[in-house]
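*Asks:* Chain by chain, the residues:
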Amino acid sequence: EIVLTQSPGTLSLSQGERATLSCRASESVSSSYFAWYQQKPGQPPRLLIYGASSRATGIPDRFSGSGSGTDFTLTISGLEPEDFAVYYCQQYGPSPSYTFGQGTKLEIK
Amino acid sequence: QVQLQESGPGLVKPSQTLTLTCTVSGGSIDSGGYYWSWIRQHPGKGLEWIGHFYYSGSTYYSPSLKSRVTISVDTSKNQFSLRLNSVTAADTAVYYCARAYWEYWYFDLWGRGTLLTVSS
Numbered sequence: 001e002i003v004l005t006q007s008p009g010t011l012s013l014s015q016g017e018r019a020t021l022s023c024r025a026s027e028s029v030s031s032s033y034f035a036w037y038q039q040k041p042g043q044p045p046r047l048l049i050y051g052a053s054s055r056a057t058g059i060p061d062r063f064s065g066s067g068s069g070t071d072f073t074l075t076i077s078g079l080e081p082e083d084f085a086v087y088y089c090q091q092y093g094p095s096p097s098y099t100f101g102q103g104t105k106l107e108i109k
Numbered sequence: 001q002v003q004l005q006e007s008g009p010g011l012v013k014p015s016q017t018l019t020l021t022c023t024v025s026g027g028s029i030d031s032g033g034y035y036w037s038w039i040r041q042h043p044g045k046g047l048e049w050i051g052h053f054y055y056s057g058s059t060y061y062s063p064s065l066k067s068r069v070t071i072s073v074d075t076s077k078n079q080f081s082l083r084l085n086s087v088t089a090a091d092t093a094v095y096y097c098a099r100a101y102w103e104y105w106y107f108d109l110w111g112r113g114t115l116l117t118v119s120s
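Residue numbers (the numbering used here), protein chains in the order written: chain A, 1 to 109; chain X, 1 to 120.
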């Protein structure tokens, strides 16, 4: 099973700053099958990025994704109050199977 | 638009069998192009994929839960269900049903989730 490790575990930033979240896979994954989600308390995850770099419908352009192979990044440029949440990466691999990272909590500094 | 709604008992006793149902509204399970999954989230923890199916009958499960899980579908009711045998406290979690688009394998639609507690 492919393990996804997210860093940092918690990121403390101020509104307006740039956030950079990392996700590293234990082995190479297909960029086409890599996604990022945002989750707020009491809500299900919301799809932000799919195919490693494509924004989902309705997602503001301050959210961007990049990476390939084993290293992927979610960048949020210019944090808004509603962006403080937990973020998860996800990959789909053979078997078939999905795995998620353990999450990065983005909190207000 | 398409919506998913989970339903379940809320509380089950250890060693019992859990059954949860996901009702799909605003669209059809057998319209093709989507796989339908169950995913769970332990309290304060990350997400764990349980299994998925395609309307044509293909079903796949997480290796870690495969021995205890069954996913079934009732297309006449536009519902699919999760059955988990021999539950323990470790199965206490919020259970989500979700839809994955086959080409990129991302979850674009989620239910609101239902909390299942395993306790005597």
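No wet-lab data here; the hints were simulated from the structure. Hints may contain errors.
Straight line, CA to CA, 30 Å or less: simulated DSS-like cross-link-like pairs of lysine-lysine [what the hints assert, rightly or not]:
no.	chain 1	residue 1	chain 2	residue 2
1	X	K66	X	K77
2	A	K109	X	K66
3	A	K105	X	K77
4	X	K45	A	K40
*Asks:* Each hint needs a verdict: does it hold in this structure or not?
*Replies:* Verification of the hints:
1. K66/X - K77/X: Within the cut-off at roughly 25 Å; holds.
2. K109/A - K66/X: Roughly 42 Å between the alpha carbons, so the hint for K109/A and K66/X is violated.
3. K105/A - K77/X: violated (39 Å)
4. K45/X - K40/A: holds (13 Å)
The structure shown violates the earlier hints numbered 2 and 3.
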